[in-house]
Amino acid sequence: MSKNSPLGSSERSDDEPRSYSCSVWAAFDKMQLCYTVIPQVKHYYRYGTFRDCSEAREDFQFCLKMKRKSKGEAERLIREREESKYEKKVTERPSRSVWEVNNRDFAEHSQYLLLTR
9 MSKNSPLGSS ERSDDEPRSY SCSVWAAFDK MQLCYTVIPQ VKHYYRYGTF
59 RDCSEAREDF QFCLKMKRKS KGEAERLIRE REESKYEKKV TERPSRSVWE
109 VNNRDFAEHS QYLLLTR
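Sequential numbering of the sequence shown, starting at 9, is according to our numbering.
Read the hints as simulated data drawn from the structure, not as lab findings. None of these values were measured; they are calculated from a predicted model. Be careful, since some hints might not be right.
Label pairs and their calculated CB-CB ranges [to be verified]:
id, residue 1, residue 2, range
1, Lys79, Phe36, 16 to 24 Å
2, Lys96, Thr57, 20 to 28 Å
3, Tyr53, Arg87, 37 to 45 Å
Built from N, CA and C at the ideal position, the CB exists for glycine as well.
Start from the sequences, fold in the hints, and give me the full structure.
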């Protein structure tokens, strides 16, 4: 889990159980940073669209909702959300398909180089 994630866990050693928490301030900072002018202009310049801040907004709203839950229920919901986000990140990595294509193209190109020598 990244250090910048508003949905984080507290520091622990290996023999202590993991404690999940949600920082409203960290989530708010992440959302505010996403909506600021400079990053939005930079994203528009590079990609032709404004940056999608829906994930940051959802994290902020989720953290606000967790403040109304009991500690045990909030930890369970945060853990489930973090696990589903991690699973999505691992299974939907766009770089995997890129590397498969690049490896295949390189193999074809290297065979061509060997034939031309």
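Tyr53 versus Arg87 beta-carbon gap, inside 37 to 45 Å or not: This hint holds: roughly 38 Å between Cβ atoms.
Cβ separation of Lys79 and Phe36, checked against the hinted range 16 to 24 Å: Taking Cβ atoms as reference, Lys79 and Phe36 lie about 21 Å apart, which means the hint holds.
Thr57 and Lys96 - C-beta distance against the hinted 20 to 28 Å: holds, 22 Å
Consistency note: the structure conflicts with none of the earlier hints.
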